[in-house]
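**Student:** Below are the chains, spelled out letter by letter.
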Amino acid sequence: MKSILPVLTVIAAILLFWVVCVPPMNMHLVADQAQRDELVVTPETPAARQEVSGAGLALRNTHLIPLAYTFVRPRLPSPHQVAGEMYKTIIGQKITSKRSLVYHGWVTLAPTLLGFLIGTSLGILLAVGIVYSRVMDKSVMPWAIVSQTIPILALAPMIIVVLGSMGIQGLFPKSIIAAYLSFFPVVVGMVKGLRSPDAMQLDLLRTYNASKSQGFWALRLPASAPYLFASLKIGISASLVGTIVAELPTGARAGFGARMLVGDQYGQPLVSWAALFAAALTAAALVGLFSVIERITLKRMGMAAT
Amino acid sequence: MPTVAELAAKQLAPASRAAAATSAVITARNLDLTFQTNDGPVHALKDVNLDINKGDFVSFIGPSGCGKTTFLRCIAGLETPTAGDIAVNGMTPDEARRARAYGYVFQAAGLYPWRTIGGNIRLPLEIMGFDKAEQTKRVERVLDLVDLNGFDRKYPWQLSGGMQQRASIARALAFDADILLMDEPFGALDEIVRDHLNEQLLKLWARTEKTIGFVTHSIPEAVYLSTKIVVMSPRPGRISDVIDSPLPRERPLEIRDSPEFIEIAHRVRDGLRAGHSDDV
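Chain order of the listed sequences is A and B. Residue numbering for the first sequence is 1 to 306, as defined by my numbering. Residue numbering for the second sequence is 307 to 586, as defined by my numbering.
If you are wondering where the hints come from, they were derived from the structure by calculation, not from laboratory data. Among the clues, some could well be false.
[Unchecked claim] In the DSSO-like style, the derived pairs of lysine-lysine whose C-alpha atoms are separated by at most 27 Å in a straight line are:
id : chain 1 : residue 1 : chain 2 : residue 2
1  : A       : Lys98     : A       : Lys88
2  : A       : Lys299    : B       : Lys460
3  : A       : Lys212    : A       : Lys192
4  : A       : Lys138    : A       : Lys88
5  : A       : Lys212    : B       : Lys438
6  : B       : Lys460    : B       : Lys438
[To be verified] Heads up, incomplete: computed chain B residues facing chain A, CB under 7 Å, no partners named:
id : residue
7  : Phe341
8  : Ala389
9  : Arg403
10 : Tyr410
11 : Ile433
12 : Phe457
13 : Arg459
14 : Lys460
15 : Trp463
16 : Leu465
17 : Gly467
18 : Phe567
19 : Ala571
Yeah, the Cβ is synthetic: ideal placement off N, Cα and C, and Gly gets one too.
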């Protein structure tokens, strides 16, 4: 609990920065609206206002600053507007409603989890292959690295379109993209983990004349547990990002990615922002869940990090 | 179905009985080993000749780089000599390793943190295919041998360093190989714990009648424990003296103050100094 104060301090600093940014970001829009509502605005013409920076405009029209925090379609919404939107769409809606963020959250979460499962399994299998086969070590690892240098934003629509033309739609294509992003940290972590037993440990097994599979199950696999958990935490968040990216360019109608896009296209920034924060919170919750499982498991295995 | 270890034990039984009549359990003839490293070849062992009889307690002593650990690893089949012959129980070291002819204790206890003490001792037994009941029986017996009764459900982190090393000795004893190879097993422990463990090791040796190969760089430890002390010197690693100890098998700690003990220690020190003369 000692960490609570620094954490709160950082959150407060971020909120403060956010709040300070709201008036300059929104001032031009606010000034235009204020003029239509026949309030006093300096400078008086929109053209003249374009010459002035957001911050400068805010300083010349301090009486308009409160309006910047409650503007209906802001460029940068204020924290309480986002919180309000999230409350409205998470708690204030039936979870089956298309307006409920919980509904959209599940639409994103399901492929995330499936993709994570596929990616993790694939990652572990590849890592085992890499550790036990020199050929795989030389051939697979470079491709795994190359695969991560391709912008997923470019690849995602292709995968969706190709799978769609094969009649595969919905959950599965998104899972593939989630798996594509999440297998990599698992491969890297597991290769390191499976190779973590030192020479002495491996020699000990040789004195028992243990077979490779006995060495794997008795030593390498349990020894890799701390590395696996570190990878799983990266993998699950990468999975979520992958699913959201898969939803963005493909005209998905539901899911966090779809909400972000809809908010952007229909001039409802609050919808985008609420989806963004809901996605961040979901990722945090997933990583937190794995942290808890990690702590319990490693403690029971006598490998807890000190 | 008999396990591999039991079969091996049966095959070995006549040989070891014959060995009891003084023939050697481990023989090395003109053993040479050169490591190829990036800095050029390193002559780790040169012309090593040695016989170790059944029931011997042989210590290998010398400065670092003298090849004492390398020689022990050659016996264990963990290194392959570049020239010369070495036989363990009449087999090549590799065959002996496959037949699980020896237990090996490393400098670090190397217990698996995710297994209990009992689980760690069971590890070789599981790998060698002993059945559950037999495993339990053996774990209990070797825990008794190293004086760790009742600790089988504890985890390694709950034990002191000395106790962990005793558990690792128990693990090496569990499958009842009649050779025990120990590579500086007490090197990382403090003097007091080391004395205690030395005393216990002698008792254990008397009870089990095993043949023990023991690497150390402590002169008192080597003299106190051994029936035969092999003094080695570095660059290239070679044997500079072999001392058959006249001390009785029964050795209380006080024996270290006796004139015989001091005399042997003196000879070991001389041997070590002779090996060093060229570069000190």
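**Student:** Could you check if Phe567 of chain B really has its C-beta closer than 7 Å to a C-beta on chain A?
**Tutor:** Violated. Min distance 33 Å.
**Student:** Do the alpha carbons of Lys299 of chain A and Lys460 of chain B lie within 27 Å of each other, as the hint requires?
**Tutor:** Answer holds: Lys299 of chain A to Lys460 of chain B is near 14 Å, not above 27 Å.
**Student:** Was the hint right that Ile433 of chain B lines chain A, CB cutoff 7 Å?
**Tutor:** The hint holds - Ile433 of chain B has a Cβ within 7 Å of chain A, the shortest such distance being about 5 Å.
**Student:** Return the status of the interface hint for Lys460 of chain B: holds when the least beta-carbon distance to chain A is below 7 Å, violated otherwise.
**Tutor:** violated (11 Å)
**Student:** Does the nearest C-beta of chain A fall within a distance shorter than 7 Å of the C-beta of Phe341 of chain B?
**Tutor:** violated (14 Å)
**Student:** For the hint on Ala571 of chain B, does the least C-beta distance to chain A fall short of 7 Å?
**Tutor:** Since the shortest Cβ distance to chain A is 30 Å, the answer is violated.
**Student:** Do the numbers back the hint for Arg459 of chain B, that is, is its least Cβ distance to chain A under 7 Å?
**Tutor:** Interface hint status for Arg459 of chain B: violated (13 Å vs cutoff 7 Å).
**Student:** Within 27 Å, alpha carbon to alpha carbon, are Lys212 of chain A and Lys192 of chain A?
**Tutor:** holds (17 Å)
**Student:** Is the interface hint for Tyr410 of chain B satisfied, with its Cβ closer than 7 Å to some Cβ of chain A?
**Tutor:** Holds, about 4 Å.
**Student:** Is the hint on Arg403 of chain B kept, meaning its closest Cβ partner in chain A is under 7 Å away?
**Tutor:** Because about 6 Å separates Arg403 of chain B from the closest Cβ in chain A, which is inside the 7 Å limit, the hint holds.
**Student:** Hint Ala389 of chain B vs chain A: min CB-CB distance below 7 Å?
**Tutor:** With Cβ-Cβ at 23 Å, over 7 Å, it is violated.
**Student:** Closer than 7 Å between Cβ atoms is the bar; does Trp463 of chain B clear it against chain A? Give me holds or violated.
**Tutor:** holds (6 Å)
In summary, the numbered hints that this structure violates are 4, 7, 8, 12, 13, 14, 16, 17, 18 and 19.
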